[in-house]
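Q: Here is what each chain is made of, one letter per residue.
2 protein chains.
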Amino acid sequence: MAQEVQNGGADKAVKFTAVKPQLMVEAPKAADAVQFYKTAFGAVEACRTVNNKRKAEEELPHISAQLELAGSTILVSDICVDSATVKSHGSGCVICLETEDVEAAVAKAVGAGAVQEGEITEGEGACCGGRVGKVKDPYGFVWLICSPAKKCVDVEA
Amino acid sequence: MAQEVQNGGADKAVKFTAVKPQLMVEAPKAADAVQFYKTAFGAVEACRTVNNKRKAEEELPHISAQLELAGSTILVSDICVDSATVKSHGSGCVICLETEDVEAAVAKAVGAGAVQEGEITEGEGACCGGRVGKVKDPYGFVWLICSPAKKCVDVEA
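These protein sequence lines are chains A and B, in that order. Those letters in the first sequence? Residues -9 to 147, by this note's numbering. Those letters in the second sequence? Residues -9 to 147, by this note's numbering.
So here's chain A without its partners, still in its complex pose (with noise of 0.2 Å):
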């Protein structure tokens, strides 16, 4: 079947160019968390995206937010409690990886045992940039595959 074409994904050289945690935050919650680790961590808002997706009887907006500590960057995120993505994220933690390649990283996860978990998809915010597929490794973490992030303007500049 698709053998040949796995295969071919799996041996290819794929570079990451960045890791993020993503901290999956029960929604509205992620705006108060953002301050959070602002106040607690010394954590700076680089970005903000705002999902106007929302169901109607829901009051706020939610967000995914990119901060920056130390160097790295930790996406803090709302997530509905009710979704699919929630129940196959497991944890409220999952890391996302960048690469140019989302569709040989992919692959390459999968062959070495990992199990893709629905298909690659264009990206919502600024925080994961156009295609994302997601992957569950033999040890139940979840890995978010993108490609990278689109510049944003520092919301605190």
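Bear in mind the hints are in silico, worked out from the structure with no lab data behind them. Keep in mind that a hint or two might mislead.
Same chains, same names: a pair is fine if it fits in one copy or spans any two.
[Claimed, not checked] Once the Cα atoms are required to be at most 20 Å apart in a straight line, the calculated EDC-like pairs of lysine to aspartate or glutamate come out as: (1) Lys28 - Glu112; (2) Lys5 - Asp22; (3) Lys126 - Asp22; (4) Lys140 - Asp91; (5) Lys28 - Asp91; (6) Lys28 - Glu93; (7) Lys19 - Asp91; (8) Lys19 - Glu58; (9) Lys28 - Glu109.
Got chain A sorted already, so can you dock chain B onto it with the hints?
A: What follows is chain B alone, placed relative to chain A:
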């Protein structure tokens, strides 16, 4: 800084020097997980520490490894599923923040609303050097606040 001595450290400026996601793997599978991350993502193992304090009935030593990927560090550690550590972590992924002043960083986080878990202790491995404190934030995430890890020899060099 003017605020430096208020609230027993809670207002003190705290500088973090590194952010490292730590994946807690059910013991003794961390070594397998490290091999998987090398194969799947091309991670490079920078160092590995062995915890010899395992129980007599356990065949394999517990390890903690430091992986380098895209300029970031990811820690992968064996953890006993019946240990208090796992129960208090709640999730399989915690984030280590390195700082020279663990006490002040813990105090500041607690001042902002985090809950300290346990006492500040001496770390056991190269991944977390020296003193280690643990706080849970109001959103359920656990942060390990550690003094900087010792420099480690590249095991693949």
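Q: Run through the hints listed earlier and report the numbers of any the structure violates, in increasing order.
A: 1, 2, 7 and 9
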